[in-house]
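J.: Sequence:
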Amino acid sequence: MAPEKTSHGLDNYAFTCDGPDHFCELPENEKGNNDFSEEGDGDKLAYCVTDIPPWYLCIILGIQHFLTAFGGIIAIPLILSQGLCLQHDGLTQSHLINTIFFVSGLCTLLQVTFGVRLPIIQGGTFTLLVPSMALLSMPEWTCPAWTQNSSLVNTSSPEFIHVWQSRMQVLQGSIMVGSLFQVLVGFSGLIGLFMRFIGPLTIAPTISLIGLSLFDSAGMNAGDHWGISAMTACLIVIFSQYLRNIAIPFPSYSRAKKFHTSRIYIFQILPVLLGITLSWLICYILTIYNVLPSDPDQYGYLARTDVNGDVTGRAPWFRFPYPGQWGVPSVSLGGVFGILAGVLSSMIESVGDYHACARLSGAPPPPRHAINRGIGIEGIGCLLAGAWGTGNGTTSYSENVGALGITKVGSRMVIVASGFIMIIMGVFGKIGAIFTTIPTPVIGGMFLVMFGVITAAGVSNLQYADMNSSRNIFIFGFSMFSGLVIPNWLLKNPTAIATGVVELDQVLQVLLTTSMFIGGFFGFLLDNTIPGTKRERGIVTWNSAHQNESENTLESDDVYGLPCGITARFSSFSWTKYVPFCPSHKNPSQDDTPSSSDSLDMKTEPNKDDSHIIDGVAL
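The numbering used here applies: residue 1 is where the sequence shown begins, and numbers increase by one.
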């Protein structure tokens, strides 16, 4: 994970950001040693953005990128299933997992082809999960009591299907309408205007409260068997923190050395996946030998892997997700406003991701038109996610940004391969069904680590502000505490808001029960109204860290230009320079500056040795 996303990002569950001798310093120091295998060539990239690696390497690294993003993608439908009353419907949960895989792959292809055009994966986001859960917690959408009892649930009954599909439909409609705002902000170039008024004292409480507001979900899942959840959390911590600098030998092949071994930092790449898989396997063994109780009323029963019955056998081999598969979407005004708060946070995260990805993939810093186009495509991705019915949107993932520094392969063709792999995974119904057999205590153990890191990532934004200032301490403290107190009180008093206008009541109910909105609102308001210098507020340091000298580096049409010769065709029209998402054109002689050409030539051109990036048998 890159420094930008470390400071205000949400989606890095691989915790690959702070190894002292690794890729965090790769973009800053061209002479530094940032190896991730013993056979690496320092900071030299084997393949940069515009290169096309061998097909087998694209597939292998595409699978790795998918596995790295696995934890964040699969967690979202599992959490949403609680608000959708699907705790005891494993088959529908598997369909949700297949859908989010399919849409994530589709949005990834759109982003790499027509968006910012950097090697970055798209997937579900927790910034939209919080307002979605707030919407589903409203009195009219609270799950009926009988849906919480597995013995009373008939998953094929029309009544049960109506219960969960009506909730999904209102979620879909709210996400689709809210995503139009992101499309407008992206393609109109307004994202730059928003960034002028948003600083670390707004971002810190917003992101931190996302993790804190989900503590109840983590506690409920982990509480189903604290032993299993503690084991899962400990394994993830051991893999991601204690073993992250230990390289494991894996069989590799290269034309120069033929078959040999390369040492890969596998614990640093996939700590969450390894922790979940090992705990999952242990639960399976305990289930086979009936060590875990078989009585649903006994404590620890939910740690079994057969709780959902033979869901794998009942799931179809192939199931093609399609728009409107859960019915015609409906719109809740309150839900739309809640989604807007999440969309704004998601846009700010993605801007930092673009800069980080550019540095680690050997590309020039992203110009304004590429950023505008990337944000706009993410909005379209959220629109597609709402139409397909993932119950969530899409955002840029920073796990694969970290993987770029590890593999030393920055080619976007690898991400294209990963996008196709996710689409294929979304079509195989058995794949989603297998994931539903993960016991809830294992998921709870993952949440204990994941949500804690999200909270800390938000707090880390305060490094830019002067926290010796009583002004900043007051703003952060008041915003955080208000974001905890107000939603908690309203959830306990759901009938407190009664203005006489039903639509207004819904809007206020959703917004005031969304912790990240409350914290972000007070942070934004106070930071922009209480007197303070830009340096004291952290604006100066914040801007310098996120602009990354992009204004002084000439862009490369090879990286950020539109594909299929579209850029060249548009260059003949003078009006395109007024379109915020169209590439601008300069004299070719001016584009060959050292800053631009060097960044594209960071790779080792004479010898593209794949031995330090292929982990072969391991994948």
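Calculated from the structure, these hints are not laboratory results.
Keep in mind it's a predicted model, so treat the numbers as computed, not measured.
The reader is advised that the hints may include incorrect statements.
Keeping only pairs whose Cα atoms sit at most 16 angstroms apart, straight-line, the calculated EDC-like set for lysine to aspartate or glutamate is [to be verified]: (1) 492 with 224; (2) 258 with 310; (3) 492 with 466; (4) 430 with 310; (5) 492 with 310.
Using C-beta positions, here's what the derived DEER-type ranges look like [claimed, not checked]: (6) 248 with 525: 17 to 23 angstroms; (7) 184 with 323: 19 to 25 angstroms; (8) 323 with 459: 38 to 44 angstroms; (9) 180 with 531: 33 to 39 angstroms; (10) 493 with 161: 28 to 34 angstroms; (11) 161 with 289: 54 to 60 angstroms; (12) 223 with 139: 55 to 61 angstroms; (13) 575 with 540: 17 to 23 angstroms; (14) 291 with 525: 24 to 30 angstroms; (15) 192 with 531: 39 to 45 angstroms.
Beta carbons: idealized from backbone N, C-alpha and C, even for Gly.
J.: Find the hints from earlier in the document that the structure breaks and name them by number, from lowest to highest.
T.: Hints 1, 2, 3, 5, 6, 11, 12, 13, 14, 15 not satisfied by this model.
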